[in-house]
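Got chain S sorted already, so can you dock chain H onto it with the hints?
Residue numbers (the numbering used here), protein chains in the order written: chain S, 523 to 872; chain H, 523 to 872.
I should point out that these hints are in silico values taken from the structure, not numbers from a laboratory. All residues carry an ideal CB built from backbone N, CA and C; glycine is no exception. Wrong hints could be hidden among the right ones.
Covered stretches of chain H (chain S as the covering partner; in silico rule of three or more C-beta atoms under 8 Å from a C-beta of chain S) [what the hints assert, rightly or not]:
no.: 1; segment: 750 to 757
no.: 2; segment: 782 to 796
Which residues of chain H face chain S? A few of them, derived with a C-beta cut under 8 Å, are [claimed, not checked]:
no.: 3; residue: Glu604
no.: 4; residue: Ala731
no.: 5; residue: Leu733
no.: 6; residue: Arg856
no.: 7; residue: Ala862
no.: 8; residue: Ala867
2 protein chains.
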Amino acid sequence: VTLETTVDAIRPADETAMAAAAELQARLTKPAGSLGALEELSVRLAGLAGVCPPPMPEPATVAVFAGDHGVHAQGVTPWPQEVTAQMVANFVAGGAVVNAFARQAGADVMVIDVGVSIPLFGGANLLDANVRRGTRDMTAEPALTRDEARDAVEVGISVADQLVAAGAKCLLTGDMGIANTTPAAALIAVFTGAAPAAVTGRGTGIDDATLLHKTSVIAAALDRHAPDPADPLGVLAAVGGLEHAALAGFILGAAAHRVPVIIDGVIAASAALAAAAFAPDAVAAMVAGHRSAEPGASVALAHLGLEPLLDLGMRLGEGSGAVLALPVVASAVRVLHEVATFDSAGVSEK
Amino acid sequence: VTLETTVDAIRPADETAMAAAAELQARLTKPAGSLGALEELSVRLAGLAGVCPPPMPEPATVAVFAGDHGVHAQGVTPWPQEVTAQMVANFVAGGAVVNAFARQAGADVMVIDVGVSIPLFGGANLLDANVRRGTRDMTAEPALTRDEARDAVEVGISVADQLVAAGAKCLLTGDMGIANTTPAAALIAVFTGAAPAAVTGRGTGIDDATLLHKTSVIAAALDRHAPDPADPLGVLAAVGGLEHAALAGFILGAAAHRVPVIIDGVIAASAALAAAAFAPDAVAAMVAGHRSAEPGASVALAHLGLEPLLDLGMRLGEGSGAVLALPVVASAVRVLHEVATFDSAGVSEK
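Extracted from the complex, chain S is given alone in its bound form (with noise of 0.2 Å):
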């Protein structure tokens, strides 16, 4: 499956299941409009699927991506390169938060290795699908070539499609990769056409003046580029990420399978700015988790217009706000499957 192929299979929203699900909500045993955001959701969903209730979210799987970024010669970030692979086995044997939070939500966890930078030992839910081992360092060169970059995202295709070929019902985005916080920032500076100041954040917990610098590193690769929002898999080469470019296509691969994705952090919102560069009607498949306490992807989700479910401080990745929030997205559809109506119930009206 190609890029061009999934890009082609996505299609707008339903609008007749959306007013399908608007009415039945009227009509279920609960005063109009008392479950705030969740109607709104369920309704959404509704859309996504062309059916009324759509499919409970479940089974869920969510797919973490890793990659190794070469900006981390720049200093981003205190943490070592070796962690990415270092946290890929701890998501292989289970003991990350986001395993921890699966296990809680009844999701699956899958590890993809798209670009770290060792070669990482297998495990039964990590696939190897290395396109390179980590990104050039933006601000000396294109982190990617086009036709890396292009090959990052049909991986996330491929994902997406073999996890609904499986049966998943719900994908969630998930990510590993010291550094990636930078490379999502410049991505967000792209396509929203935000100052690099703005949605430069502190990701895992930099001072002050790491902060200044890697936004300073962030400014230099966009002056170095100047990539042109119009040409997302450009902008994915110029100043991306793998992760973010699997992503990407992950997300994509969810939106052609009417499937929903629920964006995590400020690597999948970033990636998800990517895929609606790519098809505008991708974002009728983004469900967003949470706020993440990074800067860039409250500015991300604005610009896709998509509203938080939760937003609790976290700051994680992993895919840990996307897992967290998948108990609401299931119990926003659960309603319209399992709820009675006033003339089945019995209840009086107002």
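Chain H alone, transformed into the frame defined by chain S:
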């Protein structure tokens, strides 16, 4: 078990267990602080349990206390009073939103008739603990006698005791009672000192004229009774409801057993204020599930120093917001049980 013995059993949070949880959070494989509010929550729950990690909050039960209100005669809501009993039947049949959410979260639903005006048919999960068939009209006389208020509080304590004895590791507050946002607003005004207009909301969705009328009804009742916030039983008797009083006891019971209790919306928040007036240390057991759209809920939570986990514009009651927050609470605790440390996972630190 009496109100007094329950209040006497409530102890402050355990500082040693809280320190242990904070120290453990710092060793887990994630950047310090990256789980935001979930880290603070895990520390609070360790303090409540007196052990680190605290027990997982499963199994969990939402107790839906139902009652009717004499103040309904004042026209504070367009919904007929019979809807309380009809919705109890809906809960027992499993057809309400709280049932759907509870199935998603893996929680049990128990319904307690503590004050419904109509005799109810039984059901496996329906407890008949009716203290009085609805309160009196607070604008004309006290809603309850002190003895009735005490009986209702002790119903709630007894339900908490029974659920904990049966193995519940987390209790969730639920409520049903047409017109019950009116006594809730009155209770919040008394315990926080806020003006009626600042804490009175649209409940199930009343129009501007009814909102003004509802506010004036509450103001008139407060003028008539001038309840003393230092006498919570007197406040509950003057302007409370049977489900509000029972919920106050339910919260006290949870606190006495050092079991977390997830507070739902404005009804539960008003009861939480009463519980805190009986026993200030009971706040350690409270977890605010969500920020209800009812303005009084936010005033009450701020007074208690509680930050809600979810903020989805919901205003349904029934315990729906508490149940929706349960997976978040469980995820916060699960991190302390299951996530690897930097040492155990062989992950480098910065």
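Structure-inconsistent hints, enumerated in ascending order: Hint check: 1, 2, 4 and 5 fail, others pass.
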